[in-house]
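Use these hints to put chain B onto chain A, whose structure you have.
Chains as they are written, first to last, in my numbering: chain A, 1 to 362; chain B, 1 to 311.
Be careful, since some hints might not be right.
Unchecked claim - Think about it this way: if two alpha-carbon atoms lie no more than 25 Å apart in a straight line, the pair counts; the simulated SDA-like pairs of lysine to any residue are:
hint, chain 1, residue 1, chain 2, residue 2
1, A, Lys5, B, Gly300
2, B, Lys105, A, Glu98
3, A, Lys5, B, Lys105
4, A, Lys5, B, Arg258
5, B, Lys105, A, Leu123
6, A, Lys5, B, Asp261
To be verified - Just a few of them, taken from the derived set where beta-carbon distance is under 7 Å, the chain A residues facing chain B:
hint, residue
7, Leu64
8, Gly65
9, Ile133
10, Gln183
11, Tyr197
12, Arg240
13, Phe287
Simulated from the structure, these hints should not be mistaken for laboratory data. Glycine included, each C-beta is placed from N, C-alpha and C at the ideal position.
Chain by chain, the residues run as shown.
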Amino acid sequence: MPRDKLARWLDLIALLLNRQYPVTREEIFNKVAAYRATIRPDDKRSHASTRRTFERDKDELRALGVTIRTREISDAEWDEPRSGYSLSDRDFYLPYLELSANVASSDRPYPGLTRIPVTDEDLDILDRATARIAQRTESPLAAAAQSARRKLTFDLPFESVEIERVLARDMSADDRSALATLQQAVASHSAVTFGYYSIARDDTAQRSVEPWGLFFSWGHWYLVGHDRDREAERVFRVDRMTGAVAEQGKAARFEPPADFDIRSYVGRAPWELSQAEPVTVTVRFDFPESRTVLARQLGTPTAEVLDDGGAEVEFQVRERGPFLRWLLTMSGSARVVGPQEVADDLEALRKRVLALYSGGDR
Amino acid sequence: MTAPERLNRIVSLVAELSRDGGSADGISFAELARRFGTTESAIAADVRALTSLGESAADDWLLSLHLWQEGDRLAGTSLGPFRRPIRLTPEEVLAIRVGLAADPKAAERLSPDLRQALLAGGDDDDAPPAVAVDRASLDADAIRGLLLDAVHLGRRVGIRYLTPGDGEPHQRTVHPYRVLEDRGWVYLSAWCEAGEGWRRFRLDRIVEAELDDAGFDRRPEEEVSREAEAVFREPDGKAVDDVRVRFDPAVARWLEERYPDGVSDEDGGLTVTYRVASPHWLVRHVLQYGDAAEVMGPEGYREAVVAAAGG
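Pulled out of the complex, with its shape left as it was, chain B reads as follows:
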């Protein structure tokens, strides 16, 4: 079974299970096997493959997936991706065209939109998308998209920004210069009109952003360069660290299977090395074990855990 076949099947499986908010009674493995032209074992294996995507920092989407099995029936909901099948592959489109060609009059009777979608030649346009949104609220990704557009177009942005411990959110009009990522946090580096100075705004503290029609006069280039050279480091693949975490013997016992490369010690503890791009993620991951896990090194990560735990 090839990866493309499995990908198609897994996406269609999630789509099937989660349509209409998830069927009350679920669908039997036998029925799913029949629908997808495969075996019940393959369906069960697809479920395992889908949910074993593990601990990468990007797997928030798995949190939006719920699946359940009662007897031989499977059901689920997804609030995120994979709620529809993948679009037709070029080969599938070809198969449909060949089938239609056997009855050319039939093809002519197809509705125009459908005919266009199925029989039109080449691929979609490659034109870059227009500005996606001009106001984004609460959704960190939409806010980031809007800010990137603003930087690209040289437009002013109005933001509502909350600093912890402050009262009301602040309303600011800013001139955006860059969006940068540093150690897992994303920042906007901008000139603030009210403060008449350079500010860095953490994106997850921006409650709302609105794109202005107006552009802005750029600060003098030497100043812009100086600001760019300050503190921030662009994500460049060097920002990956090897972090060693030791788990207590009691917890280590059932982690061995998940971390076959872990190193056991005399006391029965298990040390696992994580390759980490985001300290933020690693700290959360370690703290969820309470005092049964300890970061051994690098030192910076030990400090990060202490800081996060309120020390």
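Next up, chain A with everything else stripped away, as it sits in the complex:
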């Protein structure tokens, strides 16, 4: 199915772009979910068929100009040399086409890419050359010329008349997922109802909400809106919703407040996403977890890089549950310095988790 292939390609590309060294096939098969799902450890045929899929993926990507290269890795003299795969920025991204020399380096996220100076005359020539072919809609190259133009306009301001016809406007969701419903409801300003599980209250209830905005952070989608029953602003995790449906009729229409700005929510940590009063919690992290916490900028360091590589960080915690569960995933490398009440809650949670594994047969 095309969607599975797309997800597989994005995973593979992101994995290889992220590494500065060749990656073995074994590691690729372990890390890319789609390959991992098809390999049965003791079944040679599943290995072979996954390998064939991988080879086909590389070939199809190469036809797109995405060149995954094979490199030999020999990490020890007594080993057979193994193959590793790499994808450099240069083999994936469009080079920088620079009309002017005044481009800030912060606008150039990939330093390894070639920079090609472009004059006004070049611009004019390219503009016309691509428009010429794009307009010959009967030519098989027209589509390629159009997509070439789209890529080039990322850097270059083409002047020519737009060639693309504007296609159907409707954003009807043929996807029944909660997210698809919400995307449309947010765009059309119509209220939604859904079942929602609240971990804090451990219950599921029907909610009626005016969806002001959606955001994706830390790998999850969130909805911000006005809860009609509680008459207050709330934040919801989209993956805790069931049966999301857009309401119909005049009563469904609303206007979000003029001063609402979704950006104030984006990038907030999950424990900061409510209207509850924040509690300041100080946590000490050991190295190397300290490095991850600091890199993600999740709190305010009070003491960065202590003698042993650890760090002490202050958090504004509005929702204690998500915060404690996050600390729990740090495998004992996180200690709550204060307040004591929060340290006690973390200890209680730890004990409850351990209780699951002690005593009784499974």
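Positioned in the frame of chain A, the structure of chain B alone reads:
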């Protein structure tokens, strides 16, 4: 719509949304549809496809992506990949060449670098890259790259290494022999000059690594072989386990949609089987549910969760 078209569009979409640190007001779906020559539904579907890549262990890159929608306007930032469009495909290059051929004098007037980039024949060189960096600090991937180069070239490496609970990081000069992965952790197996013995260094505890110009005398081969046969297992596809996790009824309710293959039990709980290459990842994943999730088996994974939770 083919996968190549969608891939192109999704990468360009992220690039467009996140350029210049993300536009303050965002871009409307209608405008995006026009720019990409498609429908608003397709753009919305692309956003869903991009963010549904789910729970694979390699998806840290999704954490560097932030997107938001207010009304019919979309905006976002990416600190990781996809901040530029994909390079021109061979077909796109051909289309440009054909367009240029219609006005040959124009092609001659193109700036040399541009002409070279667009009209030069074949593909880039296949020469293996030179050593990428000779000093890498804090970035685990760069450190690993440097160490692999050092192993390949037979060069000494200076590392600054932190063991938990120690004071200052230790400075060591080592002779690197192999970089190995074991159960999700990556190690350097090396001869340590100061300690005069074989050591294994976990890569995420290496704060800094620097490549030395000098090589080193290899240890006797029998010793090197013995060291290689010890403990470590190379990643070989056999290191994938099926791990069963049971979720409490309360949580199970909203997980059913995400895990259609999950098995419900009489009490309303849901047992999901994960195919896991990295126990480290699975443990973190389970613990984020607190006491609403329990690893049922294999036993080794139950033990791993207990250890991680401080038991």
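Okay, the hints, checked on the actual structure:
1. A:Lys5 - B:Gly300: It is violated: about 33 Å lies between the C-alpha atoms, which goes past 25 Å.
2. B:Lys105 - A:Glu98: Holds. Lys105 of chain B to Glu98 of chain A sits at ~23 Å (cutoff 25 Å).
3. A:Lys5 - B:Lys105: Violated, because 43 Å separates the two Cα atoms, which is more than 25 Å.
4. A:Lys5 - B:Arg258: Between Lys5 of chain A and Arg258 of chain B the Cα gap is close to 19 Å, so the pair holds against 25 Å.
5. B:Lys105 - A:Leu123: Since the Cα atoms of Lys105 of chain B and Leu123 of chain A sit roughly 15 Å apart, the hinted pair holds (cutoff 25 Å).
6. A:Lys5 - B:Asp261: Holds: Lys5 of chain A and Asp261 of chain B sit about 20 Å apart, inside 25 Å.
7. Leu64: This hint holds: Leu64 of chain A lies near chain B, its Cβ roughly 5 Å from the closest one there, short of 7 Å.
8. Gly65: With a closest approach of 4 Å, the Gly65 of chain A hint holds.
9. Ile133: At about 4 Å, which falls below the 7 Å cut-off, the nearest Cβ of chain B leaves the hint on Ile133 of chain A intact, so it holds.
10. Gln183: holds, 5 Å
11. Tyr197: holds, 5 Å
12. Arg240: With Cβ-Cβ at 5 Å, under 7 Å, it holds.
13. Phe287: It holds, given that the least Cβ distance between Phe287 of chain A and chain B is near 5 Å, below 7 Å.
Consistency note: the structure conflicts with the earlier hints numbered 1, 3.
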